[in-house]
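Peer 1: Go by the hints and put chain B onto chain Z.
Number of protein chains: 2
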Amino acid sequence: MKSFTILILAIAVGLTILAALPFAPGHAEDEATPIFGGKLPDGYRDWGLISVAHEEGSLNDLRAILGNDVAIKAYREGKLPFPDGTIIARVAWSYVPSEENNKVFGRRQSFVAGLPTNVQFMVKDSRKYASTGGWGFAQFNDGKPAAEVVPSACFSCHEPAKARDFVFTRYAP
Amino acid sequence: MKSFTILILAIAVGLTILAALPFAPGHAEDEATPIFGGKLPDGYRDWGLISVAHEEGSLNDLRAILGNDVAIKAYREGKLPFPDGTIIARVAWSYVPSEENNKVFGRRQSFVAGLPTNVQFMVKDSRKYASTGGWGFAQFNDGKPAAEVVPSACFSCHEPAKARDFVFTRYAP
Numbered sequence: 001m002k003s004f005t006i007l008i009l010a011i012a013v014g015l016t017i018l019a020a021l022p023f024a025p026g027h028a029e030d031e032a033t034p035i036f037g038g039k040l041p042d043g044y045r046d047w048g049l050i051s052v053a054h055e056e057g058s059l060n061d062l063r064a065i066l067g068n069d070v071a072i073k074a075y076r077e078g079k080l081p082f083p084d085g086t087i088i089a090r091v092a093w094s095y096v097p098s099e100e101n102n103k104v105f106g107r108r109q110s111f112v113a114g115l116p117t118n119v120q121f122m123v124k125d126s127r128k129y130a131s132t133g134g135w136g137f138a139q140f141n142d143g144k145p146a147a148e149v150v151p152s153a154c155f156s157c158h159e160p161a162k163a164r165d166f167v168f169t170r171y172a173p
Numbered sequence: 001m002k003s004f005t006i007l008i009l010a011i012a013v014g015l016t017i018l019a020a021l022p023f024a025p026g027h028a029e030d031e032a033t034p035i036f037g038g039k040l041p042d043g044y045r046d047w048g049l050i051s052v053a054h055e056e057g058s059l060n061d062l063r064a065i066l067g068n069d070v071a072i073k074a075y076r077e078g079k080l081p082f083p084d085g086t087i088i089a090r091v092a093w094s095y096v097p098s099e100e101n102n103k104v105f106g107r108r109q110s111f112v113a114g115l116p117t118n119v120q121f122m123v124k125d126s127r128k129y130a131s132t133g134g135w136g137f138a139q140f141n142d143g144k145p146a147a148e149v150v151p152s153a154c155f156s157c158h159e160p161a162k163a164r165d166f167v168f169t170r171y172a173p
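For the record, the sequence lines run as chains Z and B.
In this text, residue positions in the first sequence follow our numbering: the first is 1, and each later residue adds one.
In this text, residue positions in the second sequence follow our numbering: the first is 1, and each later residue adds one.
One chain only, chain Z, in its complex shape (with noise of 0.2 Å):
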């Protein structure tokens, strides 16, 4: 019997913590003003193409990675850091194998884009953004602002890149 109260008391201690941890990313009243007035940008599908990539886990995507002529000029000059007024977009479809492609192929080895699902976007304004290394982040779902989505949670995964002005992806020539 007294075990079980040693496990109840556990368990209510466990709980407590748990309530006092915060969502992940968190909601802060502060970083509330949208980027691009909550609208995806102009044009940004059309943007130049940065690189590639495929995300495995839970996001499984097939994503490219696009900036503007700031960004794309930045990027061929190697310069660092980014000048005000960059911005990449990373638009991103889940990843779906490809029967038809297979059947060319004679194997299973084709994986094309699917559905979209999200977008996201690092915004480059040294002084509006300089809590967060000069960058705000921004991400889109169905052409919404993501509200779940606050830039110091982009920004602290983004600081191992400090060196490239954390932004991780290379210009893929």
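Each hint can be trusted.
The list makes no distinction among identical chains, and a pair is therefore deemed to hold if it is satisfied within one copy or across any two copies.
With a Cα cut of at most 27 Å, we get these calculated DSS-like pairs of lysine-lysine: (1) K73 <-> K39; (2) K162 <-> K128; (3) K79 <-> K162; (4) K79 <-> K103; (5) K103 <-> K162; (6) K73 <-> K128.
Think of the hints as simulated: they come from the structure by calculation, not from any bench.
Peer 2: Frame of chain Z, contents of chain B only:
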């Protein structure tokens, strides 16, 4: 001793058959006119993104399909067949894990573009390339036309996509 003679004969016959087989894809004299005058078309790397893909197997690449303005417009308008002047480029890079990204995600899940492999093109000229569905095909290795790649061989693999004007890739929104 008799079975040894039969074995030698069998090997000789095998080698003779092998020598008679053409290299795949073969080189046809009448297909030798170089596309784009044997040079990579200006600015193709800046073209708009049509979609992305991952090919496993011996290719083992991440690829982006880009299109010139004529191609992008036709895709967005769902225009088939593609008009003359359409050029579609397939750029590809080796598929490599990113240890740097994996560290951030806390698991092995990230694959990025490594070294470039080659660049392939489809160019629409319904008169010039009438014998291959109106499409000219080309591949460039290190910026130079790949002599071993002939349009008829490319076309035969593209035939299953006849309903979409022999183009496999769909536009990724």
